[in-house]
Amino acid sequence: MRGIPWAILALAAVLPISGCRKPEPKAAASPGAVPMPSQILKDFEMNDVQKTVKTMTLKSIEARVYDEQKYADVDQPILHFYKEGRRTSELSAPSGKVFTETHEVEAWGGVKVVSADSATLTTERMHYDPKTREIRSKDPVRLEKPDSITEGIGLVTDPELARVKIGKQKVRFKKGMKS
Amino acid sequence: MKLYALPLLCFVLAATLHAADEPATITSDELELQNNGELTTFRGHVVLTQPPYEVRSDKMTRTKSDGLVKASGHVVGTWLSPKKEKVRVESEEALYAPNLETVELWGKKPVAVFLKGLKDEAHFIGDRGWMYTKTPGKARLIGNVRGHVIPGAS
Chain A
1126 MRGIPWAILA LAAVLPISGC RKPEPKAAAS PGAVPMPSQI LKDFEMNDVQ KTVKTMTLKS
1186 IEARVYDEQK YADVDQPILH FYKEGRRTSE LSAPSGKVFT ETHEVEAWGG VKVVSADSAT
1246 LTTERMHYDP KTREIRSKDP VRLEKPDSIT EGIGLVTDPE LARVKIGKQK VRFKKGMKS
Chain B
232 MKLYALPLLC FVLAATLHAA DEPATITSDE LELQNNGELT TFRGHVVLTQ PPYEVRSDKM
292 TRTKSDGLVK ASGHVVGTWL SPKKEKVRVE SEEALYAPNL ETVELWGKKP VAVFLKGLKD
352 EAHFIGDRGW MYTKTPGKAR LIGNVRGHVI PGAS
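Top line first, the protein sequences correspond to chains A and B.
Sequence positions in the first sequence follow the numbering used here and run 1126 to 1304.
Sequence positions in the second sequence follow the numbering used here and run 232 to 385.
Okay, chain B solo, but in the shape it has when bound (with noise of 0.2 Å):
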């Protein structure tokens, strides 16, 4: 179950600033773009919009030179498939490297994968996820990982 809802979760982060037929969005209270828009950063109820994808963060930056997206602060990414189902991450930090086409994702708090298929849900938490974002990908919950799948519960 981890193996496939990893992948899924970190599209929320992924998948939306990849290549899109759809422009991506971002509103914030306050955008900041420093040395020419090298560093971009947005503060105060980020929201990354890329239907189906959606991510939202206290924080946002972006570094132009490498790419490197980090959100920090209540993130929460979604995900809504084609047949309806639904995917969310929590987590503290997440970050973005598209030159090795991962996300990571971490915190003090663990981090939290909610998936709601059209018949069964199921949570995880571990201490770290990690996935690799190329189709068809590679995911991993690391540390403390527990998880329970309710089957019929939707």
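The shape of chain A in the complex, shown without the other chains (with noise of 0.2 Å):
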């Protein structure tokens, strides 16, 4: 146990597995090759727990785990955050990648993330890290609020989108900057 991260330790469950298969023996290795996946899990989830509690659950049609390589191509995953037991966003994008041991998430192809108070920010890549529970992107993003529209550049964020910054921004007030 000594030498292990408590987070990490804390994670690790891989949950329901209705459909799980091996895949075809591996071709010869050749450089370059695309590496074969160890499993191939169908309806997938996961969870991250953070001193006893949840903090994460990612959810995803199929996952194809390379355990060597230590992470799990996921499709079309959705991960739901939660603060203190409560669910405080959602998170969703065309593919992603979970790091077995760490729980970092990389999601991808037009991810948005919804959050409790209806705020939506979407970007075409970003990442997640359990351990600074932190979400950041490099590429363009939008925020939008009930009362206005943000556009920038870059990202770093919680999950519930409390504490947001974003680079080179421009907001856009819906109705005047009324208080």
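Errors might be hidden in some of the hints.
Only part of the chain A face toward chain B is listed, based on derived beta-carbon distances under 10 Å [said to hold, decoys possible]:
id: 1; residue: 1178
id: 2; residue: 1179
id: 3; residue: 1182
id: 4; residue: 1234
id: 5; residue: 1263
id: 6; residue: 1264
id: 7; residue: 1265
id: 8; residue: 1269
id: 9; residue: 1270
id: 10; residue: 1275
id: 11; residue: 1286
id: 12; residue: 1287
id: 13; residue: 1296
id: 14; residue: 1299
Derived EDC-like pairs: lysine to aspartate or glutamate, alpha-carbon spacing no greater than 16 Å straight-line [as the list claims (entries may be wrong)]:
id: 15; chain 1: A; residue 1: 1293; chain 2: B; residue 2: 253
id: 16; chain 1: A; residue 1: 1263; chain 2: B; residue 2: 260
id: 17; chain 1: A; residue 1: 1290; chain 2: B; residue 2: 253
id: 18; chain 1: A; residue 1: 1237; chain 2: A; residue 2: 1226
For the record, the hints were derived by calculation from the structure and aren't laboratory data.
Cβ coordinates follow ideal geometry from the N, Cα and C atoms, glycine included.
Assemble the dimeric complex from its two separately framed chains, guided by the hints.
Following this line, the structure appears as structure tokens:
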């Protein structure tokens, strides 16, 4: 147990595996060849738990796990983020990758995060690190709130979209900037 | 002269943030929303635009609960009237309080007002500026007020 970060220890729960099959035997490895997945899991679900409290759930229609590389490609991932046991936001994307030891998540192809207060964040690609609880992106981002639309380049935010940093931004107020 | 100078200048800060037909925009190098947008901070080359008004500053913050907007660092407000009269205001700090309908301007350097009318020009400086933003408005330049009017300069 020693030497393993507590965060990682507490995590790891690869839950219901309603479909699971071994991939076809590997073809002779050639330089530059795409690695074959160790497992292909249907209706993949993974929970991230920190200090016995669930902080994230990842669901995917299919996950291709690469044991040696310690990651899994996930199709149409949906992440639910939790804070103090309550669901605070949802991230969805066409494609993603989850690192099986750290539970870091890459998502791309048109990522959308919707917070509990209806703020919607969209970007092409983003990265979530459960250790820091930060979502980061270097791409153009758009944050739509009931009273404003913000567009910029680069982002750092918590999953709740409560604390958001956006670079090179332009915010348009939908009805003036009334208080 | 100064009695109508400040209302114009402070519209640059206040009227932009007030009800208006065109939506306001703010651009900056960085935006930070804290506590679900309770505090919004704009940093670096901040430009608030709502034609015909524009305010530039190094930093701008807005508190959602009370609507206070504070601009700091090289605050420059400009306004172009329908008659093409130009007003430019410079200060180091500015604070718009929507509940009081006031704008205060101050800083280590004097608050400066430049007016360019169709025919005349005028320049004023003072330690501090204050205005009530509701039309017709009241305004003051306070402390060491100096200025001059240049008839026919434009």
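Here's how the hints hold up against the structure:
1. 1178: violated, 21 Å
2. 1179: Constraint on residue 1179 of chain A not satisfied, violated at 22 Å.
3. 1182: Since chain B brings no Cβ nearer than about 22 Å to residue 1182 of chain A, farther than 10 Å, the hint is violated.
4. 1234: violated, 25 Å
5. 1263: The hint is violated - residue 1263 of chain A has no Cβ within 10 Å of chain B, the shortest such distance being about 14 Å.
6. 1264: Cβ of residue 1264 of chain A sits 16 Å from chain B, so the hint is violated.
7. 1265: violated, 14 Å
8. 1269: violated, 12 Å
9. 1270: holds, 7 Å
10. 1275: holds, 6 Å
11. 1286: At 8 Å from the nearest chain B Cβ, residue 1286 of chain A passes the 10 Å test, so the hint holds.
12. 1287: For residue 1287 of chain A, the interface hint holds, since the closest Cβ of chain B sits about 5 Å away, which is under 10 Å.
13. 1296: Because about 5 Å separates residue 1296 of chain A from the closest Cβ in chain B, which is inside the 10 Å limit, the hint holds.
14. 1299: Residue 1299 of chain A check passes; min Cβ-Cβ to chain B is 6 Å, inside 10 Å.
15. A:1293 / B:253: violated, 22 Å
16. A:1263 / B:260: With a Cα-Cα distance of about 14 Å, the restraint between residue 1263 of chain A and residue 260 of chain B holds, given a limit of 16 Å.
17. A:1290 / B:253: violated, 26 Å
18. A:1237 / A:1226: violated, 24 Å
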